[in-house]
Amino acid sequence: MNKTAIIIKREYLTRVRKKSFIIMTILAPLLLAGFVILIPVIMLTGGKDHKQIAVIEEGTRIFRGIIPDTRDEKFVYLDNVSINDLITTFEQAGYFGILYISPQALNNPILYSKKQPDIGLLEHISGSLKKEIERQKLLTYNIQNLDSILTQIRTNVSVSTRLVDETGKTTETSTGISMALAYIGGLLMYMLVFVFGSQVMRGVIEEKTSRVVEVIVSSVKPAELMMGKIIGIALVGLTQFLIWIFLTTAAVSIVKSSILNKTGIRETAQSVTQDVMSAEKTASVPFPEQASVTPEITELAKIFDSAMNQNWLLIIFSFIFYFITGYLLYAAIFAAIGSAVDNETETQQFMLPVTIPILLALFVAMGTMQNPESSLAFWFSVIPLTSPIVMMARIPFGVPAWQLIVSMTLMLITFSAFVWMAAKVYRTGILMYGKKSSWKELWKWLRYTG
Amino acid sequence: MALFEAVNITKQFGNITALNKVSISVPGKCIYGLLGPNGAGKTTLLRIINQITGPDSGELYLNGKKLSPEDVRKIGYLPEERGLYKKMKVGEQALYFAQLKGLSKHEAMRRLKYWFRKLEITDWWGRKVEELSKGMQQKVQFITTVLHEPELIIFDEPFTGFDPVNVNIIKNEILFLREKGATIIFSTHNMGSVEELCDNISLIDKAETILEGSVSEIRHKWAANEYDLTFSGDVKIEENGRFKIIDRQYENGRTSIRLRSADGISNNEILHSILDRGNIISFNPALPSMNEIFIRVVESRSQE
Chain A
64 MNKTAIIIKR
74 EYLTRVRKKS
84 FIIMTILAPL
94 LLAGFVILIP
104 VIMLTGGKDH
114 KQIAVIEEGT
124 RIFRGIIPDT
134 RDEKFVYLDN
144 VSINDLITTF
154 EQAGYFGILY
164 ISPQALNNPI
174 LYSKKQPDIG
184 LLEHISGSLK
194 KEIERQKLLT
204 YNIQNLDSIL
214 TQIRTNVSVS
224 TRLVDETGKT
234 TETSTGISMA
244 LAYIGGLLMY
254 MLVFVFGSQV
264 MRGVIEEKTS
274 RVVEVIVSSV
284 KPAELMMGKI
294 IGIALVGLTQ
304 FLIWIFLTTA
314 AVSIVKSSIL
324 NKTGIRETAQ
334 SVTQDVMSAE
344 KTASVPFPEQ
354 ASVTPEITEL
364 AKIFDSAMNQ
374 NWLLIIFSFI
384 FYFITGYLLY
394 AAIFAAIGSA
404 VDNETETQQF
414 MLPVTIPILL
424 ALFVAMGTMQ
434 NPESSLAFWF
444 SVIPLTSPIV
454 MMARIPFGVP
464 AWQLIVSMTL
474 MLITFSAFVW
484 MAAKVYRTGI
494 LMYGKKSSWK
504 ELWKWLRYTG
Chain B
3 MALFEAVNIT
13 KQFGNITALN
23 KVSISVPGKC
33 IYGLLGPNGA
43 GKTTLLRIIN
53 QITGPDSGEL
63 YLNGKKLSPE
73 DVRKIGYLPE
83 ERGLYKKMKV
93 GEQALYFAQL
103 KGLSKHEAMR
113 RLKYWFRKLE
123 ITDWWGRKVE
133 ELSKGMQQKV
143 QFITTVLHEP
153 ELIIFDEPFT
163 GFDPVNVNII
173 KNEILFLREK
183 GATIIFSTHN
193 MGSVEELCDN
203 ISLIDKAETI
213 LEGSVSEIRH
223 KWAANEYDLT
233 FSGDVKIEEN
243 GRFKIIDRQY
253 ENGRTSIRLR
263 SADGISNNEI
273 LHSILDRGNI
283 ISFNPALPSM
293 NEIFIRVVES
303 RSQE
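Heads up: the sequence lines are chains A and B, in that order. Take the first sequence: its letters are residues 64 to 513, numbered as in the working numbering. Take the second sequence: its letters are residues 3 to 306, numbered as in the working numbering.
Since the hints were made in silico from the structure, they are not lab data. Worth double-checking, as some hints may not be accurate.
To be verified - Straight-line Cα separation of at most 25 Å, SDA-like style, residue types lysine to any residue; simulated pairs: (1) A:K72 with B:P71; (2) B:K173 with A:R274; (3) A:K194 with A:V227; (4) B:K88 with A:A168; (5) A:K72 with B:G104.
To be verified - Listed below are several chain A residues computed to face chain B (Cβ distance under 8 Å; list not exhaustive): (6) I69; (7) T77; (8) E197; (9) S273; (10) R274; (11) I279.
Backbone N, C-alpha and C fix where the C-beta goes; we use that ideal spot for every residue, glycine too.
When you get a sec, could you build the whole thing from the sequences and use the hints?
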């Protein structure tokens, strides 16, 4: 057997057989699924500690019972209480705040509280009051059957998107799904490159500190050892990634079928696709159960369908491409750093310059989701040190082929150059003990011969 | 013919010269000692022989042919800084190193069983390395060094870390390996083991070879004009123009005297002048220990 293959085998097997690997591989997707289900459940069941808000209307009773309670807030309507009395004692009385509506300024109520109320509460109050004021105003026109007319005209609008390719074929897409994919792709790439890259570094340091390395390099070339380690760990990463994909796909299809079959978990399913604020609102808006079930589910089914319409082949292919090249690029740097130090604490000074481009890439990737076509996103998705993360965030929104080709080509060239340089540093570094290494020292090692 | 030769090896690290035109010639089936103070360049030379690093200039020959990367199979190396993967099991690890040296899995298993039995560590096959004592780890390491039956075995400080019992075991194994036809190079500070084991030595100091040859030749050469003289009984002699007394001891009814003859004085002349002093039991040229030679050579060089 080829020697590099023997090394790859060892690096792979020792890691895959570790308990921590097995647990992480199985648990991570389950945890993720757990969060997706748990978060809305927590949001819907809510805490018991409602904030009580006293509502005082001076002289009128127009808004009595108009503001619906939310998950967090209860509204208590008080009569015969003067604002001046309560304003000093409302906290002792157990109220979070007082909503004071003066008849002179119905559209400008005041919320008194000790703490700054959150924006959701304010929107909830103003929305409810606005609706009621509008209703009252409409009532003055004496329209017959006003209530049924209002119910009839209530409409929900949602814009769906279609991507058009050169042949005019359209594909149904969802911006939400694209964003989720961009987010997951970018973040996963960041994690994998960083986690497995630093595993390479730790492996190199382990070999160096345990002094195994000299025994090995008397049998194989240092570059073979380094590449064997890097590839072995990459395979570990890919194994984990593929298992994750498999488990996630399985989990998604199970969730999908169970949602379509059972109406009972409507709320849960719905809030998966919506953010915190809107989930709060939907939960609090009273509308008939029966009527709402069907559209909600078709909505969800549509989301699944548009998720299926994403170019999965391209996403997975580029993910694997960028993972391999990006990982090789950083793993080589990490290996060189590992070879240059005597223990892990010494890596600090070298880590910072390596971490900066990765973190920068992550920030740009997050920004990319707002504006995938910006020139910032373009440049960072082409520059090799940041492209794996940023490009993964861009791909779900569609990237011109030439940009992808430029980015991938640059990536290939850069990673080869980095691996070559790292191998030279590594070769000298692994046999060098007790020497405080610096970037200058590394540069010197780079130029040593033989 | 020499089994292994290094000719005019030079190696620099930046501005530091680690080896300056060092040559060694190792005859087949011999134990060759590489001596020298710390930092002399021994380890660098050994690394070059193992092709871990390349020389800046100079040539290496194994069996008269230029050393090639394929030759790692014919060389076994126990580095001074030795170690094993702590979390890996002993047997698995030994197998891994054997395969890296090019042995098939099957063949490696067969030989490992033999060696594990020989060094009495069979019970430790399935244990993790971190559970082993240091001496035990050294044994494992020794096995991985010689398992592929190399023609040339290189030990860098093989006895450090061993207790006296294990030192003896390893010494015997080294002698056994030579008997079986292997050629051994080892570097050491332990001069006692040099006299005991080595046929030939090379002394390296400050990147240069300053002494090379067979151990007995070197000792005779450095013994030029010192003699050990033994009388029975308590005998006193005086220095005269022919010799100087370096040391005198009376013990167990015998007097041992070491003297240094003056230039141009023959042994017979010295004997003549002391014949009437008592009953001479022995008169031998005093061979300096390798340790003395080592210190004298290195010190005289540092005075220059």
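Can you name, in rising order, the numbers of the hints this structure does not satisfy? When the structure is compared with the hints, numbers 3, 4 and 8 turn out to be violated.
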